[in-house]
Amino acid sequence: MAAILVYAELSEGKVATTSLELMAKARELGDVYAVALGSGAKDAAATLGKHGAKAVHINEDSVFDDYIAEPATDALASLFESEKPDLILFGFTSDSREVAGRLAARLGVGLISNAGDVTAKDGGFVAKVPYFGGAKVASMKANAKPAIVLVRPKSFEASEKGGTAEVKQLDVKVAEGSRRAHITERVAEASEKIKLEEARVVISGGRGMGGPQNFPLLEDLASALGGAVGASRAVVDAGWVPYSMQVGQTGKSVRPGVYIAVGISGAMQHTVGMKTSKVIIAINKDAEAPIMKMADLGVVGDAMKIVPALTAAVKAKKTK
Amino acid sequence: MKIVVTVKQVPDPNSNLTLEADNTISREKEVVLDPGDECGVEEGLQLKEAHGGEVILVSMGPERAKDAIRKGLSMGADRGVLITDPSLAGADALLTARVLAAAIKKEEPDLVICATESYDGSTGMVPPMLAELLGFPQLTFAKKVEIDGSTVKVHRQTADGYQVVEAATPALITVTAAIAEPRYASLKGIMAARSKEIKEVAAGDLGVEKGRPAETIEGVVDAESRKAGEVIQDDGNAVEKIVQVLAAAKVL
Numbered sequence: 000m001a002a003i004l005v006y007a008e009l010s011e012g013k014v015a016t017t018s019l020e021l022m023a024k025a026r027e028l029g030d031v032y033a034v035a036l037g038s039g040a041k042d043a044a045a046t047l048g049k050h051g052a053k054a055v056h057i058n059e060d061s062v063f064d065d066y067i068a069e070p071a072t073d074a075l076a077s078l079f080e081s082e083k084p085d086l087i088l089f090g091f092t093s094d095s096r097e098v099a100g101r102l103a104a105r106l107g108v109g110l111i112s113n114a115g116d117v118t119a120k121d122g123g124f125v126a127k128v129p130y131f132g133g134a135k136v137a138s139m140k141a142n143a144k145p146a147i148v149l150v151r152p153k154s155f156e157a158s159e160k161g162g163t164a165e166v167k168q169l170d171v172k173v174a175e176g177s178r179r180a181h182i183t184e185r186v187a188e189a190s191e192k193i194k195l196e197e198a199r200v201v202i203s204g205g206r207g208m209g210g211p212q213n214f215p216l217l218e219d220l221a222s223a224l225g226g227a228v229g230a231s232r233a234v235v236d237a238g239w240v241p242y243s244m245q246v247g248q249t250g251k252s253v254r255p256g257v258y259i260a261v262g263i264s265g266a267m268q269h270t271v272g273m274k275t276s277k278v279i280i281a282i283n284k285d286a287e288a289p290i291m292k293m294a295d296l297g298v299v300g301d302a303m304k305i306v307p308a309l310t311a312a313v314k315a316k317k318t319k
Numbered sequence: 000m001k002i003v004v005t006v007k008q009v010p011d012p013n014s015n016l017t018l019e020a021d022n023t024i025s026r027e028k029e030v031v032l033d034p035g036d037e038c039g040v041e042e043g044l045q046l047k048e049a050h051g052g053e054v055i056l057v058s059m060g061p062e063r064a065k066d067a068i069r070k071g072l073s074m075g076a077d078r079g080v081l082i083t084d085p086s087l088a089g090a091d092a093l094l095t096a097r098v099l100a101a102a103i104k105k106e107e108p109d110l111v112i113c114a115t116e117s118y119d120g121s122t123g124m125v126p127p128m129l130a131e132l133l134g135f136p137q138l139t140f141a142k143k144v145e146i147d148g149s150t151v152k153v154h155r156q157t158a159d160g161y162q163v164v165e166a167a168t169p170a171l172i173t174v175t176a177a178i179a180e181p182r183y184a185s186l187k188g189i190m191a192a193r194s195k196e197i198k199e200v201a202a203g204d205l206g207v208e209k210g211r212p213a214e215t216i217e218g219v220v221d222a223e224s225r226k227a228g229e230v231i232q233d234d235g236n237a238v239e240k241i242v243q244v245l246a247a248a249k250v251l
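Chains A and B are the protein sequences, given in the same order. Sequential numbering of the first sequence, starting at 0, is according to numbering that gives the first Met the number 0. Sequential numbering of the second sequence, starting at 0, is according to numbering that gives the first Met the number 0.
The hints are simulated quantities; they were obtained by calculation from the structure and are not laboratory data. Take the hints with a grain of salt, since some may be wrong.
Stated by the list, open to error - Okay, derived cross-link-like pairs now, DSS-like style, lysine-lysine, Cα gap no bigger than 30 Å in a straight line:
(1) 240(B) / 144(A)
(2) 240(B) / 317(A)
(3) 152(B) / 172(A)
(4) 249(B) / 194(A)
Kindly produce the complete structure, drawing on both the sequences and the hints.
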């Protein structure tokens, strides 16, 4: 059996959902081991066991919480030396990709990023990766050992199918020289809104919104529907809304019951993060916009008129 | 302070990609300096203006990538380095990082600035690899950068706010588009850029071993696409129609 190591990202002491999704896939590929670093690693081991890990290597040192990438890279490099996994899986998230990048460079093996699936083949691994802006999918065979693959969030369904993992203390000496990029303060800005990734309705705005001054129209509709507001990369780059709202290849991946794209043309960078939504509604002035070719309902018209009218109609229906 | 900004020439994000018959991306299209890198150049220039020093642009690409470097020079950067070599065509992230690291080491910079990710690849893997190969700490997703003596401090964008991250220089930072609005090149800047140095370097000059690529492409197929549904023109009935769809999806 191939040995699969899953890097379990911890967020506020809990295993990130993306890491649990990786566990589901890893179970299909071989014997699953996980590594959890920082505060909460011990509790994480129990969760990871329920998701199929045979053993979880843990280290609860807060150095992993407080310094970017380098301590985790030291730990993974040392774990690789002792365990020699065939495949190391990471989530394609901002924190994990920083660790994966450093690790791949240190081991000199390269990596495959942005994968949507991984399969075992001829004793190795093949990843499916969006290609040519997402219009195509390339099958990429990993050449190195370990194969390092970063998988997009929401590529698999997490499920509890396992038992109790053996917990192994990972003794790693984090060198003084790895305590460098120090997180000295954490500032929360977002309010207690529904999380974009968890919302059952997502309403996203693009350039067609005309400017940041019109985004409150989307907020109103979102609050009427109990949903969250997202955005395309174009308007995030233009500074209209914060990066935390970006949906797409390098933003968040969402899979809500209904996705409403307002004034978004539908560039691949965006659609790769939302195309698995159950129902897609597009509102756009341009009948030829690519988003119209993938929407279940495409409305050609003026969003500035349609959105407020829709909000009013939703509110009216709810009070009935 | 010596600042290196990595820059890349990419297909113009405002034009549509086209595929050749052999599944490679058409080379006929317009190419520009990556818009994310423009923000990196701008931040480099602002740091230089505040603290003095030099801004050097380093790029890997074909000969025509000089145009992208020239664009940054016309914004005000001091000089450029282009690593160009036919053997580097199609380089993966690790090889790219190795080549850039070898060229950047020669400059002995205090700070390396990268965009968070490129516009065309959008995977953001080169910066952490580069930081590792340079032996630098990485301060990432910066939406604000401050330099105080030999300490660099950034506001690192997170999902629900930001973190304050500090490290001693030399260091590598990645910047988001929120960092700074790129300036327009003035006519004077464009004229001045013509006489600024762009040093061409071949892969052999850097002593980088090409190695085996991380992956082999076994095949390319069309992505699964959703079927187009109904497209309607709003003549006053759109809201009613949308409400029906919301109700059918049980979110209303």
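Here is how each hint holds up against the structure:
| no. | hint | verdict |
| --- | --- | --- |
| 1 | 240(B) / 144(A) | violated, 54 Å |
| 2 | 240(B) / 317(A) | holds, 16 Å |
| 3 | 152(B) / 172(A) | holds, 26 Å |
| 4 | 249(B) / 194(A) | holds, 19 Å |
Violation of the numbered hints given earlier is confined to hint 1; every other hint is satisfied by the structure.
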